[in-house]
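Please take these sequences and the hints and turn them into a complete structure.
Protein chains in written order, with this note's numbering: chain A, 1 to 195; chain B, 196 to 511.
It is possible that part of the hints are untrue.
Partial list, derived from the structure: chain B residues whose beta carbon lies under 7 Å from chain A [said to hold, decoys possible]:
1. Ala200
2. Ile211
3. Ser212
4. Asp217
5. Ala223
6. Ala225
7. Ala229
8. Leu231
9. Ala232
10. Ala247
11. Leu254
12. Arg459
13. Ser462
14. Arg481
Estimated spans, in silico, between C-beta atoms of each pair [what the hints assert, rightly or not]:
15. B:Gly320 with A:Arg132: 47 to 57 Å
16. A:Arg132 with B:Leu410: 14 to 24 Å
17. B:Glu384 with A:Gln44: 51 to 61 Å
18. B:Lys401 with A:Ser158: 24 to 34 Å
19. A:Gly139 with B:Pro475: 18 to 28 Å
20. B:Asn356 with A:Lys171: 47 to 57 Å
If you are wondering where the hints come from, they were derived from the structure by calculation, not from laboratory data.
From the three backbone atoms N, C-alpha and C, an ideal C-beta is built for every residue, glycine too.
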Amino acid sequence: MAETFETGRESAPKRPAGAGMTAASEVSEWFVREVLPLEAALMQFLRHSLRNRNEAEDLCHDVYVRVYRAALKKIPDPAKPFIFTVARNLLLNRVRHEAIVSIEAVADLEALNIAKDEPGADRWVIAREELRLLEDALGRLPRRCRQAVILRKIEGLSHREIALRMNISEKTVDRHISDGVAALADALFGERRPR
Amino acid sequence: MSETAQQVRADAANWISRRDGDNWNEAAQAELDAWLAQSPSHAVAFLRAEAAWTRAEKLAALKPQPARRFAETVRDALPNTVRAVAAAVIVAVAGMTANNYFTAGNQKTYSTPVGGRETITLVDGSQIALNTDTTLRMDLSGAERKIWLDKGEAYFHVTHNAARPFRVIAGNRTVTDLGTRFTVRRDTERFEVAVMEGKVAFESGKTNEKPIDLLPGDVAVATATNVSVTKKPSRALAESLGWQRGLLIFDNTTLADAAAEFNRYNSEKLIVAKSAAQLPVVGTFRANDAEAFARVTGQVFGLHSEKRGQDIVITH
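In structure tokens, the structure reads:
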């Protein structure tokens, strides 16, 4: 994907950070607060058009990169329509170059009705839901990996203590935790299934 | 973009794990900073992994399967903990400074500051663990082994010796060991004895009252006016001993009571608004990290917490 394809509102995507730009820390906070919660809907949209899971993940990541770059110049408000416009444009771009998705699927964005900036559900419900997602994700981890995450996050042991407890090297603990982080991220952000 | 999203995300997860580990240092941080600066692709993947790992703290806040399992491991691990404590004793005693250890006649005084924890082993092998903000004196020179709990809470694992009774005295109340593990807690208005194993005789200090025998699972609570004894499941008792490992374990404790527990351990105090006081808290927390507790409960219940000077105020 050598081609840069912006949303149309911005034209020069690659510019080093510098004066006059939004502080990176502010963008980071905004990204975690506003963008990541949309990943489930975004993935649903991308999968609807791509079907191939890895490809959807790739594209989702690309959307993030572009959105993040744009935000360094100016944080888009509201976030949701902007993100889905970027997603659609990236999809269209791919259609033109690789002919792997149908135009109809991409055009479905409005029909899917997911780009509207609707108010969030009750926060308590979200917290409950999130806990359920976390538990599900934990349950799906390989046994040793799950054990390491439980010892770290629930029992509060350090990696060294976990290594002693599980009788494995600290390197292996690092690997288990790393796998756990990746799986939890997918569970929390990417894999929200319809209830 | 030469790297796939999967690769970048896996790299980001590795960084989070490394930083979460015990070997993180400035050089590693510099390495991470350089990696992050390389491309926004790295930056967003890192933010995503970091956010997930932070939010996973919630796992400790409610009562999912793993938390329940953890409660059991605490219970199962207790005797081991005590054994491990024996090995750590020399360090603990040696570590005591003039501040918290002094001798007057045959009496020795031990104390811990707010948030502190000390374990001492007596020559007879008995062990005493002092919880936060606790002062006790002991005199082992006489026919009886005597401990005065002046304030706070302590856990006793007593090597029973019928010829030399082991008595814990708190004001006019006395707990006499009859072969036992038990805790004694003395607050301003309230006195509590909980027995984990064996038997103790409890004298509440009222004249003409026979000592009450307390058995495993018994929790006696004495206030200025009355004494009550209730039976607690062993799991609940084990959880109440979480402090020996620096943990506070709650099982449907109200937010107000949980905050009060934290306030025993920390100089920064949690203040809970009335409207949130009755929310039920379940989970395992580090006693010395009130801020994490405020953050996690805030996320779970949708509460707002705010630093006000030394304190953290939790409101709806």
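Structure-based check of each hint:
1. Ala200: 3 Å, holds
2. Ile211: 5 Å, holds
3. Ser212: Because about 4 Å separates B:Ser212 from the closest Cβ in chain A, which is inside the 7 Å limit, the hint holds.
4. Asp217: 5 Å, holds
5. Ala223: 12 Å, violated
6. Ala225: Where the cut-off is 7 Å and the nearest Cβ of chain A is about 17 Å from B:Ala225, the hint is violated.
7. Ala229: 15 Å, violated
8. Leu231: Because about 9 Å separates B:Leu231 from the closest Cβ in chain A, which is outside the 7 Å limit, the hint is violated.
9. Ala232: 9 Å, violated
10. Ala247: 4 Å, holds
11. Leu254: 5 Å, holds
12. Arg459: 19 Å, violated
13. Ser462: Interface hint status for B:Ser462: violated (21 Å vs cutoff 7 Å).
14. Arg481: 6 Å, holds
15. B:Gly320 with A:Arg132: 47 to 57 Å: 48 Å, holds
16. A:Arg132 with B:Leu410: 14 to 24 Å: The hint (14 to 24 Å, Cβ to Cβ) is violated, given that A:Arg132 and B:Leu410 are roughly 41 Å apart.
17. B:Glu384 with A:Gln44: 51 to 61 Å: 57 Å, holds
18. B:Lys401 with A:Ser158: 24 to 34 Å: Once the Cβ atoms are compared, 49 Å apart, the range 24 to 34 Å for A:Ser158 and B:Lys401 is violated.
19. A:Gly139 with B:Pro475: 18 to 28 Å: 24 Å, holds
20. B:Asn356 with A:Lys171: 47 to 57 Å: Between B:Asn356 and A:Lys171, where Cβ atoms are some 49 Å apart, the hint holds.
Hints 5, 6, 7, 8, 9, 12, 13, 16 and 18, counting from the list given before, are not met by this structure.
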